[in-house]
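The hints should help you fit chains E and X onto chain P, whose structure is shown.
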Amino acid sequence: MPAHPQLDSQGNLKHLLTTEGLPRRLIEQVLETADQFVSIGEREVKKVPLLRGKSVFNLFFENSTRTRTTFEIAAKRLSADVINLNIGASSTSKGESLLDTIDNLAAMDADMFVVRHHSSGAPYLIAQHVKPGVAVVNAGDGRHAHPTQGLLDMYTIRHYKKDFTRLTVAIVGDVLHSRVARSQIHALTTLGVPEVRVIGPRTLLPADVERLGVKVFHDMKRGLEGADVVVMLRLQNERMNGPLLPSAQEFFKTYGLTADKLARAKPDAIVMHPGPMNRGVEIDSPIADGTQSVILPQVTFGIAVRMAVMSLLGAGGRHE
Amino acid sequence: MPAHPQLDSQGNLKHLLTTEGLPRRLIEQVLETADQFVSIGEREVKKVPLLRGKSVFNLFFENSTRTRTTFEIAAKRLSADVINLNIGASSTSKGESLLDTIDNLAAMDADMFVVRHHSSGAPYLIAQHVKPGVAVVNAGDGRHAHPTQGLLDMYTIRHYKKDFTRLTVAIVGDVLHSRVARSQIHALTTLGVPEVRVIGPRTLLPADVERLGVKVFHDMKRGLEGADVVVMLRLQNERMNGPLLPSAQEFFKTYGLTADKLARAKPDAIVMHPGPMNRGVEIDSPIADGTQSVILPQVTFGIAVRMAVMSLLGAGGRHE
Amino acid sequence: MPAHPQLDSQGNLKHLLTTEGLPRRLIEQVLETADQFVSIGEREVKKVPLLRGKSVFNLFFENSTRTRTTFEIAAKRLSADVINLNIGASSTSKGESLLDTIDNLAAMDADMFVVRHHSSGAPYLIAQHVKPGVAVVNAGDGRHAHPTQGLLDMYTIRHYKKDFTRLTVAIVGDVLHSRVARSQIHALTTLGVPEVRVIGPRTLLPADVERLGVKVFHDMKRGLEGADVVVMLRLQNERMNGPLLPSAQEFFKTYGLTADKLARAKPDAIVMHPGPMNRGVEIDSPIADGTQSVILPQVTFGIAVRMAVMSLLGAGGRHE
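Chain order of the listed sequences is P, E and X.
Just so we're aligned, residue 84 is where the first sequence starts under my numbering, counting upward by one.
Just so we're aligned, residue 84 is where the second sequence starts under my numbering, counting upward by one.
Just so we're aligned, residue 84 is where the third sequence starts under my numbering, counting upward by one.
Honestly, I wouldn't trust all of these hints.
Below are the PhoX-like pairs computed for lysine-lysine, each with C-alpha atoms no more than 20 Å apart in a straight line [claimed, not checked]: (1) P/Lys-349 x P/Lys-298; (2) X/Lys-130 x P/Lys-130; (3) X/Lys-349 x X/Lys-304; (4) E/Lys-130 x X/Lys-130; (5) P/Lys-349 x P/Lys-245; (6) P/Lys-130 x E/Lys-304; (7) E/Lys-304 x E/Lys-336; (8) P/Lys-304 x P/Lys-344; (9) E/Lys-344 x E/Lys-304.
Example chain P residues on the side facing chain E (calculated, C-beta under 7 Å, incomplete) [what the hints assert, rightly or not]: (10) Lys-130; (11) Val-292; (12) Arg-294; (13) Pro-359; (14) Ile-386.
Quick look at which bits of chain X chain P covers, simulated, 3 or more residues with Cβ under 8 Å [unchecked claim]: (15) 154-168; (16) 230-236; (17) 355-363.
Since the hints were made in silico from the structure, they are not lab data.
By construction, the Cβ of each residue, glycine as well, lies at the ideal position given by its N, Cα and C atoms.
If we strip away everything but chain P, and leave its shape as in the complex, we get (with noise of 0.2 Å):
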C-alpha cells in the first residue's frame, strides 16, 4: 500500500479512505469548500452543475438508507447521475468478486465511487484497484474509518466552537467498534485539538487506545469535566445484552448522557450523535432534543461536507 494511497503525487486528494494521516490543509480544504454549500441548501434552487454528466456510484455492501441517502442528496445537488447498487443483493450472490464488480462498473465509464463494506480496508483495495481518474469515497468500512462523518463532525465544531486549538473535546461510548470515533480522534488531533479524551467501559474501549494521542476515562463524570464538545457513540444494537455489557438500562446508568452528567462540561459545551441514536440508551431524551444538542445540524452539515468533498474529487475530471 503506498504510503499516502488518497492523495496524487501533487499532495491533492484523490480518494477519501480515511482521516488518518489526512494532511490539515486538505482537511481545513473541505472544510472551507463545504462552508459554500451550506448555503445552497437553503437556496429555492439547490442544485449546482459542478458534477453535471458525472456517474456517481453509491455501492453499498452494507445496508444503510441513511449515509446512503446523505450521498445520494449531495451527488444530486451536484447535477451528477447516481446509480445505487445494494451489491450484497446482486452480482456477489452470483458468485463475483468484488475486484470484477468493480472492473465492470469502472467500464461504464465511472468517475466516483461511494463504497460502504463491513470489512475494513475494501475501500483502499477499490482505490488502488480503479484507473486514474476514478475517485472513491469510503463510506464506512468495517470497524476502520467513516471519513465522511469525522469531516462533518469537523465542520459542526469549527462552526460551533471556531478555534480548534483551545478544545477538550469527549468521545463517550463503544470506541472498540466505532469507525466514527477513530475518524473523529485522527482529524481532531490532526486538526491541533490539545485534549481529546475518550470515556467508556474498559470492554468499549481499544486496549491501545492512547496511542492515538487520547486520554482514557471510565468515570464518565470525571471525563466530562469541562469538555467544549460532548460526542455520544452508537450503542450498537447487537451489543447491547451481549458478553460485553451487562444491558442497555445499565449502559444508560453509566455511560448514557444525562442532564446530571452534561453539566459536568462547560456551560456551552455542544452535544453531538451520529445517529441514528438510541434514545434511553447513550443519551437521555431531553439531551438529544435540548439547546446544547447540535446533532440535526451535524446532518445538515453532512450534506455540505459530502458535496465539497465529491466536488473536489470529481472537478479534475477523468483525463487530466
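Okay, now just chains E and X, sitting in the frame of chain P:
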C-alpha cells in the same frame, strides 16, 4: 391537532393530508391545476421546471411500488430531485423513532415528504412536526385517507360527467377497510354530489357509514339503479377467505361488477377502480376492459393530479 | 404474432426483441449509432439531450443488477427520466396480471419499457400490447434472447476485427440455456460471418443447434482451431453439480478456457465473455485478465450500444 392542519393562516394548502374538510375551492384549484399537466404527459418533452432543485422524499413505510411510482414520475416531470426510501427496511429497523427519522431527513433540506404508512394519522404527526415550508403529502395512511387517489377520482368524474351536482355515485365493496372510499366520499359530498351510495355486505361497511352522508345498500342491483358513476373497490387479498367473507367466488357472485349488474346503472355510467384489480373477484374482465371503464384514464389523470398537488405545495418555497 | 413484430411498416425498428430476423441494415445502423456514443463516455460531461423528458421504465421481473445498471446509465446519459421497477416484489405479488401492470405503467405516459423476464416471449407479449409510439427493449427473456448483449458483442467484434465476412467465431459452453448465445448466433450469421462454431458437451448443446447455421464441436481444442473470436458463456450456478454436468472442476478441465486451449485459436484471437465470470470454471483467471481478453471493453461498448438502441427507438416520439 389544529382545526385545519393542512391549511395555512391564509387558507392555502400547506400539506395534503385528507379530503375531509378540504374546502371546495381548494379541491377545484387542484383539479384546474391538473388540467395543465394532463397535456404535459402528451408532449414530446414531458418536463416542467416548477420544482427544479427541490428535494422530494418518497417515504414508504408500507410497500406500494405502484403508488410510489406515480409520485416519482410526477416529481421527476416537475424536475424535482427524488429520493425513494423504503423505511420499513432501514432506520426503523435500527430502532429509530419515526420523528427522529423525519428530523434527520428534514435536516438534509427536504422540501416535501410523500408518506405512506400503515398507521392512520402518521402523516399528520409528521406534518405537525416539520418546520414551516416543508410539505407533507399523505400517500395513504392505514384505513384513514388516500387523498391524492380521491382527488384523481374527482378529476376523472369531472372529465367525463362535467357537473358534480346532478350525479349519483355508487361505491361498491370493502368500504370498511378502504381509505380510498373514505377520501372519495368526503370529496364527493364537498363537491355537491347529491347522492353518494355505498354498496356491500354488512361485514364490509363501517357501522356508522351513513354519518358520512351516504346511502347504504346491501343489494348491489338496487344500489346501482340509475348510477352515473360506479366505483369498484379492491378486495384485499387478506380479506378473501377470511372470517368476514365466505369466499372470493361468493363475493364475485354477490358484489362483483358484471354486465348484468352494470345494466342497472345509467347507460352512460362510467366504471372506476383504484387498482390493482382482482379480475373475477370485484370486477368481471369484460367490464374492466369495456367501453364504460375509465380505469386507465384514472391512472393517467393521477399523474397530472399529483403534479398539481406537488406544484401547489412546492411553489411557495421554504422561505415564504 | 406478426412476421416482424419489432419493425414498423417502413421497416424501421419500433421494438428490440431479438436479433433473429433483424435485418443487416438495422444491425449496422445500431453499430454506427453506437460509434457516436462511445466517445460520449470519455467526455467530461457524459450527457446528451436525446431522450430529455422521456420516461423509461426498467421492468425487471428477474433480478439483474448488472444489466439493469447498464440500461439505467444509458438512459440517464440520454437525459431520460428512469424508473426502476423490481416487479417480482410488487404488483404481481398482489395478484395483478402482467398485462394489467403494463397497462397501468403505460397509462403513466411511459415512452419505453426495458423488460427482463424469466419467461421466453414476455417482451413480445408486452410489445404487442402497448400502444403505438411506446417501445419495448428485451433485456433478456428466459432462454430465448438477449439482443442488446448480442449487439454489443457485434460491436466489440467489429471494433477489433473490422470485417465480419472473414471470421471464424467459436462460442463455448452452455449454449443450451444461453439466450446470449442465441442472440449472438443470429447476429453473426446475419452479418455474414462464414463460420460460427459452438463447442460444448452434448448435454449443454441444443439438439438441433446445426439448424441455426453453426458447426458443432465437442472437443474444445478442435473447435478453437484457427478461431478469430472466442466467446465464453457463463455456466449458471444452478447447472453446476447438476445432472447435466459432473462438476465445475470437471467442466473447467474440458471446457474451461486456458492458455493451452487458447493457443489453438489464431494468435490475435480475442476472448469475450458476457459476464459475470466464474473464474476457474469457464475461464482461467490469467486468460480473463490477459492481453487477448476484451471482456471489459465489451461492458464499455455495451453502454454505447444500449444508448444507440434507446435513441433509435425513442427518437421518433410517441405521436409520429
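Hint check results:
1. P/Lys-349 x P/Lys-298: 18 Å, holds
2. X/Lys-130 x P/Lys-130: 17 Å, holds
3. X/Lys-349 x X/Lys-304: 12 Å, holds
4. E/Lys-130 x X/Lys-130: The given pair, whose Cα atoms are some 17 Å apart, holds under the 20 Å limit.
5. P/Lys-349 x P/Lys-245: 16 Å, holds
6. P/Lys-130 x E/Lys-304: 57 Å, violated
7. E/Lys-304 x E/Lys-336: Roughly 12 Å between the alpha carbons, so the hint for E/Lys-304 and E/Lys-336 holds.
8. P/Lys-304 x P/Lys-344: 6 Å, holds
9. E/Lys-344 x E/Lys-304: Within the cut-off at roughly 6 Å; holds.
10. Lys-130: 4 Å, holds
11. Val-292: 26 Å, violated
12. Arg-294: Not OK, violated: P/Arg-294 not within 7 Å of chain E, min 31 Å.
13. Pro-359: 4 Å, holds
14. Ile-386: 5 Å, holds
15. 154-168: With 4 residues close enough to chain P, the hint holds.
16. 230-236: violated (count 0)
17. 355-363: Our answer is that it holds, as 5 residues pass the Cβ test (under 8 Å) against chain P, meeting three.
The structure is inconsistent with the numbered hints 6, 11, 12, 16, although it conforms to all the rest.
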